[in-house]
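Asker: Each chain sits in its own coordinate frame; assemble them with the hints.
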Amino acid sequence: MTGGLARLGRAALSFFERLGRGHLFLLQILAGVPGLLLRPRLVIQQLYSVGVLSLVIIVVSGLFVGMVLGLQGYNTLADFGAAESLGVMVALSLVRELGPVVTALLFGGRAGSALTAEIGLMKATEQLSGMEMMAVDPLRRVIAPRFAAGVIAMPLLAAIFSAIGVVGGYFVGVGLLGVDEGAFWSQMQARVDLYDDVMNGVIKSVAFGFVASWIAVYEGYDAVPTSEGVSRATTRTVVHTALAVLGLDFVLTALMFGE
Amino acid sequence: MIFDGVDIDIPRGKITAIMGPSGTGKTTLLRLIGGQLRPQAGRVLVDGQDVHALRRRELYDLRKRMGMLFQSGALLTDINVFDNVAFPLREHTRLSEVMIRDLVLMKLEAVGLRGARDMSPSELSGGMARRVALARAIALDPMMIMYDEPFTGLDPISKGAVVELIHKINEALGVTSIIVSHDVQETASISDYIYVLSGGKVVGQGAPQNLMNSDSEWVRQFMQGLPDGPVPFHYPAPDYAEDLLAGQG
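Residue numbers (my numbering), protein chains in the order written: chain A, 946 to 1204; chain B, 18 to 266.
Only chain B is shown next, with the shape it has when bound in the complex (with noise of 0.2 Å):
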């Protein structure tokens, strides 16, 4: 079991983060909200709909409604920075070329990329292939953006520039943004509302602000990222004095 009794509830218009150690099935949530993976018991609703009685045709009309940003980017290589940004709209609307080439221009300047379209995926930077999957995901002004793990592997200027743009895209648009993470200063610096995942459970939930000094040791620890605490430094292991002896026969 991955989840246990977890109830999540994401404001329009904010962004959430869900934020808690890798392997807690973080990026198993964003699935389940896609659609892409099946519940064994419980309910996901997306906009009043419940994304696991949907017919297959209303879920793909509901995930063109949503956007997701992957950790690698999930560009398409072998098309270039242009195509992969107008892939959702030449696949979803009968736009003419000369009206997608607008969009996408628009789309790749938001995201201050305008000057890279020729490029192919494999030329860009990690920060700069996740902001085209940024300007791809945005491509058909969806309702809402997930984010899985936007900040991992980014040098601090990308990162910066990723922070920068998930903030303004929130903002300008007005998208329900939903940000998976373990990054907490980034996480927090634009968050409206954080819950910490372990184990399956919701171990804490509040304002970036509130959670730094929360009663739970176990949430400071992570928090602060402190090295020792509730989640020992050592993984569990015999006593160590009697390991070592134990080799000299």
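Chain A with its partners taken away, still in its complex shape (with noise of 0.2 Å):
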């Protein structure tokens, strides 16, 4: 009983150990982030393997979210008589909901997990050891860019997927089911607002991308100095990410459309 309750207590300490660490590590990554606009080839790097290479996976998967949700839309849709609404409902779902959160959970297994991975083998490898003897800061020089870019990343990246996503509702329903093409696209410019759903969409995007990283670029730079601990350190990035953005999304979602 009191081992358990031991147990339970070494648990809880190291947890808020863990979530202070993190939360220093993320004070001294964003003092490093003015001096990288005296550097930005710094960024720019790294927004290629973050920004660049993630874009595969992410216009694939919104054009399928979006066909998706053209097929589905319309059955529902469909029943009230309402089917010329569809775009709109693909509109508002991919720009308030699903373009900033399923971007950000695939940002998290796609450029997350590779940013842990990364950091955590130049730990390993005493790679990040080696600068600090070289009197070069690794928290400014390799942490805080591919910090930087995560966050420019994400939105853009979420951006992409609505865009493309609307792009598969458009094939799916006017193409493949008859929807009206002009009540298709003109009930979405009359009823996507500019404040209310498309920045919204762009803050919980920017929010996930900051969470993301920063998740990422801990774990890497956190991760006990093996093979084993840097495997560890990524399924972290990748479950831990996945946890913030869906909890931070309710969070967000009843702060923004909550009456």
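There's no promise every hint is true.
Now the in silico label distances, taken between C-beta atoms and shown as ranges [to be verified]:
id: 1; chain 1: A; residue 1: 1173; chain 2: B; residue 2: 18; range: 25 to 31 Å
id: 2; chain 1: A; residue 1: 983; chain 2: B; residue 2: 249; range: 55 to 61 Å
id: 3; chain 1: B; residue 1: 136; chain 2: A; residue 2: 1172; range: 23 to 29 Å
id: 4; chain 1: A; residue 1: 950; chain 2: B; residue 2: 223; range: 52 to 58 Å
If you want the footprint, here are the derived chain A segments under chain B, 3+ residues with CB under 8 Å [what the hints assert, rightly or not]:
id: 5; stretch: 1068 to 1075
id: 6; stretch: 1078 to 1086
Derived from the structure by calculation, the hints contain no laboratory data. The beta carbon of each residue, even a glycine, is placed where N, CA and C say it ideally should be.
Answerer: Here's what the structure looks like:
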């Protein structure tokens, strides 16, 4: 009984210790971000590996999610004789919710895990330590550019996901199921609000990008420097990103759309 | 506690070796000198400066004058050999690319790997990686270089090359060299002075020849690589015969 309590206490303590270290780590990275303005090349290189290399999975997933939305939405809307509203439904679902959330989940799986593994391996092979001894701060040289690139890339990827998703919905709705093309687009244009819908979606995607990038670089930097440690850290990145994004999504949605 | 009452003096321009069995904290000692670890008590002075009393910026300035050769080489794996050696120059100087190219080629020539400049670290053998790392460590012309197990895991030819390089760099550049190692032969062949650590204490010190014939039985066992002695061959265990019989129920 006391043993169980002690274990619980230890687990709680180590959880909060990690949480605290994670926040200190975040402050240190943020302090290194302004310096990146002087060396934009560092961020651009990372934008390529974090952003451009994630494009394929984002585009393909966006297309399929949009197509599924088109199919599902048509069946439901047609029952109410509102099939012309398909464009609105697809666009709102994507822009408000699915775009940011699914992109963040994919981002965690594709870019986040890669960041964690890369940083963890750099730690395991003493590259980070070596930089320190060369008087180069790895937090500023390695971690901050990757974090910044993640925060910049995520909203852009989410926007691309939503745009491609709308095209997918259009293919299925208009091309396949015969929804009126004019109604599809004009209703979408009339009913999707720039501030309430698009901006809120963008805010979500920025928040998710921040959290996902933070988790990814922290897990990598905090990884136990062995192959097993790095593999665990990579798994943790994907799991924690998914949980954090979904939890945060609920909170943000309640704040933005809860009356 | 890892170290207790360790007092080591490293003279300028000489090769000083710190030896001892694995797990005695030799690498920890280098990390203390480089300011990557903080001691609970005691001081580390480098060039008259107390490493752990320095502010961050001062510590980083001091590190620019220290080179360190990691056991793994610690080369950056995403850039090639040339860029690895150029890394400290690009980070810390405002030299033109033309100048950097000359400097890098000079450093690479010194370690005999000018021809490998376009290779990626993953293509290098262990010995080559260590030589590239050495070229990188001397890129900023440091006043001292710390070598962490420079001979471990190398084939005889590479080992010979590294021994020769450490010796030559020490002589040609007049850098203070600290070698942490448990390879007695190689280390003793080039060191001016050796400290032997065990159990967190300095158990022996002196010029290599004197240590070979040390009064201390332990130091002799270590230096001559004898399998049995004060450090027993057998890990402590219950009596052998009783142990075997105990399994028969």
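Asker: Of the numbered hints stated previously, which ones are contradicted by the structure, given in increasing order?
Answerer: none
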